[in-house]
Amino acid sequence: RKEVEQDPGPFNVPEGATVAFNCTYSNSASQSFFWYRQDCRKEPKLLMSVYSSGNEDGRFTAQLNRASQYISLLIRDSKLSDSATYLCVVTWDNFNKFYFGSGTKLNVKP
Amino acid sequence: GAVVSQHPSWVICKSGTSVKIECRSLDFQATTMFWYRQFPKQSLMLMATSNEGSKATYEQGVEKDKFLINHASLTLSTLTVTSAHPEDSSFYICSARDRNSGRPSYEQYFGPGTRLTVT
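Going down the list, the sequences are from chains A and B.
Numbering (my numbering) for the first sequence: 1 to 110.
Numbering (my numbering) for the second sequence: 1 to 119.
Okay, chain A solo, but in the shape it has when bound:
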């Protein structure tokens, strides 16, 4: 079983749409959670951390459900520039282990 699982998509949405991705993780000892964004053939870039209380950064909202072992990312008012692959990342062992999901591809169309 993979440590982190995501729906690969692609999610094809029009500009202005709201889209949500989920990610499940298998290790209940996981300590921290993040969403990264990766553009084609580029390195991943940190988008936001995910807290139990939920957190919001502009059009992006992240949620964590420890009981069900999943995290989510909501993007409101999608922009063309949001088109990318979104990677769910789970860490444990005091940030000495980082496990990436395979990513969910988002295509925002005009």
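Treat the hints as calculated values from the structure; they're not laboratory data.
The C-beta atom is built at its ideal place from N, Cα and C for all residues, glycine as well.
Honestly, I wouldn't trust all of these hints.
Claimed, not checked - Residues from chain B that face chain A, not an exhaustive set, calculated with beta carbons under 8 Å:
id	residue
1	L26
2	Q42
3	L44
4	L46
5	T49
6	G53
7	G61
8	F110
Claimed, not checked - Cross-link-like lysine to any residue pairs, in silico, SDA-like; alpha carbons within 25 Å at most:
id	chain 1	residue 1	chain 2	residue 2
9	A	K2	B	P40
10	A	K42	B	P8
11	A	K97	B	S5
12	B	K64	B	S15
13	B	K41	B	V11
14	A	K97	B	D88
15	A	K97	B	K20
16	A	K97	A	S52
17	A	K45	B	D98
18	A	K97	B	Q6
19	B	K14	B	D98
20	B	K66	B	D88
21	A	K42	A	E15
22	B	K41	A	F11
23	A	K45	B	Y58
24	A	K105	B	R115
25	A	K45	B	V3
26	A	K45	B	S9
27	A	K79	A	G16
28	A	K45	B	T31
29	A	K2	A	Q69
30	B	K64	A	F95
31	A	K97	B	E52
32	A	K45	A	D7
33	A	K105	A	T61
34	B	K20	A	R41
35	A	K45	A	A20
36	A	K45	A	K105
37	B	K14	B	E87
38	B	K41	A	D82
39	A	K2	B	E59
40	A	K97	B	K55
We have chain A; now place chain B onto it with these hints.
Here is chain B on its own, set in the frame of chain A:
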């Protein structure tokens, strides 16, 4: 700040040869560096974690004799793929972290990646 470079960005080599990939932190001291491998349309897979001056810790299933990691200084880690074969063709990405900076422990800065093609 917090820039990580990798060299080369793309390398093509013949089967059986060895390839060295460098990962450098340009404006900070990287106490920990991570090496990942990413196959097309797959996730980044953590290969190993290295702390400056000590041996790397390899993930299960990663051959330490095939993927030699050296983190001899606070700004440089190298990954050597020994006796490369076509199945080693992949995108290799390093990331670096500075635990002494006072910044959050989870922050890791990624290099741009090295595309290895073994023919």
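Now the hints, each set against the structure:
1. The beta carbon of L26 (chain B) is not positioned within 8 Å of any beta carbon in chain A (closest approach about 14 Å), and the interface hint is therefore violated.
2. For Q42 (chain B), the interface hint holds, the least distance from its beta-carbon to any beta-carbon of chain A being 5 Å, beneath 8 Å.
3. A distance limit of 8 Å between C-beta atoms decides the matter here; for L44 (chain B) the minimum to chain A is near 4 Å, and the interface restraint holds.
4. Interface restraint check for L46 (chain B): the shortest CB-CB distance to chain A comes to about 6 Å, inside 8 Å, so the restraint holds.
5. Nearest Cβ of chain A to the Cβ of T49 (chain B): about 6 Å, under the 8 Å cut. The hint holds.
6. A least Cβ separation of about 16 Å between G53 (chain B) and chain A goes past the 8 Å threshold, and the interface hint is therefore violated.
7. A cut of 8 Å between beta carbons decides the hint on G61 (chain B): the least distance to chain A is about 13 Å, and the hint is violated.
8. Satisfaction of the interface hint for F110 (chain B) is found here, the shortest Cβ-Cβ separation to chain A being roughly 4 Å, below the 8 Å cut-off.
9. Taking the CA atoms of K2 (chain A) and P40 (chain B), the gap is near 17 Å; set against the 25 Å cutoff, the hint holds.
10. For the suggested pair K42 (chain A) and P8 (chain B), the alpha carbons sit about 14 Å apart, so the restraint of at most 25 Å is met.
11. Between K97 (chain A) and S5 (chain B) the alpha-carbon distance is near 22 Å, which keeps this suggested pair within the 25 Å criterion.
12. Distance restraint check for K64 (chain B) and S15 (chain B): the Cα-Cα separation of roughly 19 Å lies within the 25 Å cut-off, and the hinted pair is therefore satisfied.
13. With a C-alpha separation of about 20 Å, the suggested pairing of K41 (chain B) with V11 (chain B) holds against the 25 Å cut-off.
14. Taking the CA atoms of K97 (chain A) and D88 (chain B), the gap is near 23 Å; set against the 25 Å cutoff, the hint holds.
15. In summary, the hint linking K97 (chain A) to K20 (chain B) is supported, as the alpha carbons are separated by about 24 Å, within the 25 Å threshold.
16. For the hint linking K97 (chain A) to S52 (chain A), the alpha-carbon distance of about 20 Å falls within 25 Å, and the restraint holds.
17. Our distance criterion of 25 Å between C-alpha atoms is met by K45 (chain A) and D98 (chain B), whose separation comes to about 17 Å.
18. Distance hint between K97 (chain A) and Q6 (chain B) is fulfilled; the C-alpha atoms sit about 21 Å from each other, no more than 25 Å.
19. For the hint pairing K14 (chain B) with D98 (chain B), the CA-to-CA distance comes to about 36 Å; that exceeds 25 Å, so the pair is violated.
20. At most 25 Å may separate the alpha-carbon atoms for a hinted pair to count; K66 (chain B) and D88 (chain B) meet this at roughly 10 Å.
21. Between K42 (chain A) and E15 (chain A) the CA atoms are separated by roughly 23 Å; this keeps the pair inside 25 Å, and the hint holds.
22. A distance of roughly 15 Å separates the Cα atoms of K41 (chain B) and F11 (chain A); the hinted pair therefore holds under the 25 Å criterion.
23. With a C-alpha separation of about 24 Å, the suggested pair K45 (chain A) and Y58 (chain B) falls inside the 25 Å cut-off, and the hint holds.
24. Distance hint between K105 (chain A) and R115 (chain B) is fulfilled; the C-alpha atoms sit about 21 Å from each other, no more than 25 Å.
25. Proximity of K45 (chain A) to V3 (chain B) is assessed by CA-CA distance (about 12 Å); at most 25 Å being required, the pair is judged to hold.
26. At roughly 18 Å between alpha-carbon atoms, K45 (chain A) and S9 (chain B) fall within 25 Å of each other, so this suggested pair holds.
27. Taking the CA atoms of K79 (chain A) and G16 (chain A), the gap is about 6 Å. The hint holds against a cut of 25 Å.
28. Proximity of K45 (chain A) to T31 (chain B) is assessed by CA-CA distance (about 20 Å); at most 25 Å being required, the pair is judged to hold.
29. Between K2 (chain A) and Q69 (chain A) the CA atoms are separated by roughly 13 Å; this keeps the pair inside 25 Å, and the hint holds.
30. Restraint check for K64 (chain B) and F95 (chain A): the C-alpha separation of about 22 Å stays at or below 25 Å, so the hint holds.
31. Between the alpha carbons of K97 (chain A) and E52 (chain B) the distance comes to roughly 17 Å, so the proposed pair stays at or under 25 Å and holds.
32. Distance hint between K45 (chain A) and D7 (chain A) is fulfilled; the C-alpha atoms sit about 19 Å from each other, no more than 25 Å.
33. With a CA separation close to 17 Å, the supplied pair K105 (chain A) and T61 (chain A) stays within the 25 Å bound.
34. Simply put, K20 (chain B) and R41 (chain A) have alpha-carbon atoms about 20 Å apart, close enough for the 25 Å limit, and the pair holds.
35. Of the pairs offered as hints, the one joining K45 (chain A) and A20 (chain A) holds, with about 19 Å between alpha carbons and a cut-off of 25 Å not exceeded.
36. The hinted pair formed by K45 (chain A) and K105 (chain A) meets the criterion: a straight-line CA distance of about 15 Å does not exceed 25 Å.
37. Between K14 (chain B) and E87 (chain B) the CA atoms are separated by roughly 12 Å; this keeps the pair inside 25 Å, and the hint holds.
38. Annotation: proposed proximity of K41 (chain B) to D82 (chain A) holds, straight-line Cα distance about 18 Å (limit 25 Å).
39. Distance hint between K2 (chain A) and E59 (chain B) is fulfilled; the C-alpha atoms sit about 14 Å from each other, no more than 25 Å.
40. A hinted pair counts as satisfied when its Cα atoms are at most 25 Å apart, and K97 (chain A) with K55 (chain B) qualifies at roughly 16 Å.
In summary, the numbered hints that this structure violates are 1, 6, 7, 19.
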